[in-house]
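Asks: Spelled out from the first residue to the last, the chains are:
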Amino acid sequence: DVKVTQSSRYLVKRTGEKVFLECVQDMDHENMFWYRQDPGLGLRLIYFSYDVKMKEKGDIPEGYSVSREKKERFSLILESASTNQTSMYLCASSFLRSNSPLHFGNGTRLTVT
Amino acid sequence: GQQVMQIPQYQHVQEGEDFTTYCNSSTTLSNIQWYKQRPGGHPVFLIQLVKSGEVKKQKRLTFQFGEAKKNSSLHITATQTTDVGTYFCAYTSGTYKYIFGTGTRLKVLA
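So the protein sequences, as listed, match chains A and B.
Numbers 1 to 113, taken from our numbering, label the letters of the first sequence in order.
Numbers 1 to 110, taken from our numbering, label the letters of the second sequence in order.
Extracted from the complex, chain A is given alone in its bound form (with noise of 0.2 Å):
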């Protein structure tokens, strides 16, 4: 079974700190994703990677960054962590082609106070 793991299920940070949000997959997908979802807006994009080093924008880059520097891990990165940026994330993983479903981590809620 694909496993998608999420370093943490939640956290609490302040306004203006730096925030990393890891994720790791075990099934050697080649892409990787990270979602945010609030109630109201379902799931939306922030950024996604198709190989080690890629990295394309989703459809909400503003306030975040990442990094994959192997191919099972993705990391997200809150510059300087907002008060609008307290969400549900979660990552995802697929297999680099056609129809590929997608398979999700538990999800990070992260507070920012």
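Honestly, I wouldn't trust all of these hints.
Capping the alpha-carbon separation at 27 Å, the derived lysine-lysine pairs in DSSO-like fashion look like this [stated by the list, open to error]:
1. Lys97/B x Lys53/A
2. Lys3/A x Lys57/A
3. Lys55/A x Lys18/A
4. Lys70/B x Lys56/B
5. Lys107/B x Lys56/B
6. Lys107/B x Lys59/B
7. Lys97/B x Lys70/A
8. Lys71/A x Lys97/B
9. Lys97/B x Lys57/A
10. Lys59/B x Lys3/A
11. Lys71/A x Lys53/A
12. Lys57/A x Lys18/A
13. Lys3/A x Lys97/B
14. Lys97/B x Lys56/B
15. Lys97/B x Lys51/B
16. Lys3/A x Lys56/B
17. Lys57/B x Lys107/B
18. Lys70/A x Lys57/A
19. Lys55/A x Lys97/B
20. Lys70/A x Lys55/A
21. Lys3/A x Lys71/A
22. Lys70/B x Lys57/B
23. Lys18/A x Lys53/A
24. Lys3/A x Lys70/A
25. Lys3/A x Lys57/B
26. Lys57/A x Lys13/A
27. Lys71/A x Lys57/A
Derived Cβ-Cβ restraints for the label pairs, each shown as a range [said to hold, decoys possible]:
28. Gly40/B x Arg73/A: 18 to 28 Å
29. Met5/B x Arg73/A: 28 to 38 Å
30. Leu41/A x Lys97/B: 13 to 23 Å
31. Lys51/B x Lys13/A: 38 to 48 Å
Hint data in this document are derived by calculation from the structure and do not stem from the laboratory.
Keep in mind it's a predicted model, so treat the numbers as computed, not measured.
Just so it is clear, CB atoms sit at the ideal spot from N, CA and C, and this is done for glycine as well.
Assemble chain B onto chain A, guided by the hints.
Replies: Leaving out everything else, chain B in the frame of chain A:
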């Protein structure tokens, strides 16, 4: 832009009643994927449909892809409390673009 409409947004049913959610697109889709997210959980892949008119079943769940490949439905027969959650449809465009519907939140009253 690319989008897929999902209706209804919410549905409350009595346990034992049937439930259906619909996914509609203005353009022809290459595929449809369905995901379920339990309350407090993460989306979990259920199934994928790729052929025109395709119907697939998983126990009490029936998934259908329209003949024109512009719509899809998920039907649950005789709902149970374990069916509670939000059901999302999604389709892929290329090898790494996923377009999600807004989801249908199902509540089952015991």
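Asks: If a hint holds in the structure, say so; if it doesn't, say that too.
Replies: Now the hints, each set against the structure:
no.	hint	result
1	Lys97/B x Lys53/A	holds (18 Å)
2	Lys3/A x Lys57/A	holds (24 Å)
3	Lys55/A x Lys18/A	holds (20 Å)
4	Lys70/B x Lys56/B	holds (17 Å)
5	Lys107/B x Lys56/B	holds (23 Å)
6	Lys107/B x Lys59/B	holds (19 Å)
7	Lys97/B x Lys70/A	holds (21 Å)
8	Lys71/A x Lys97/B	holds (19 Å)
9	Lys97/B x Lys57/A	holds (11 Å)
10	Lys59/B x Lys3/A	holds (25 Å)
11	Lys71/A x Lys53/A	holds (9 Å)
12	Lys57/A x Lys18/A	holds (19 Å)
13	Lys3/A x Lys97/B	holds (21 Å)
14	Lys97/B x Lys56/B	holds (24 Å)
15	Lys97/B x Lys51/B	holds (19 Å)
16	Lys3/A x Lys56/B	holds (26 Å)
17	Lys57/B x Lys107/B	holds (21 Å)
18	Lys70/A x Lys57/A	holds (19 Å)
19	Lys55/A x Lys97/B	holds (13 Å)
20	Lys70/A x Lys55/A	holds (12 Å)
21	Lys3/A x Lys71/A	holds (14 Å)
22	Lys70/B x Lys57/B	holds (20 Å)
23	Lys18/A x Lys53/A	holds (21 Å)
24	Lys3/A x Lys70/A	holds (16 Å)
25	Lys3/A x Lys57/B	holds (25 Å)
26	Lys57/A x Lys13/A	holds (24 Å)
27	Lys71/A x Lys57/A	holds (18 Å)
28	Gly40/B x Arg73/A: 18 to 28 Å	holds (25 Å)
29	Met5/B x Arg73/A: 28 to 38 Å	holds (36 Å)
30	Leu41/A x Lys97/B: 13 to 23 Å	holds (18 Å)
31	Lys51/B x Lys13/A: 38 to 48 Å	holds (47 Å)
Checked against the numbered hints listed earlier, the structure breaks none of them; every hint is satisfied.
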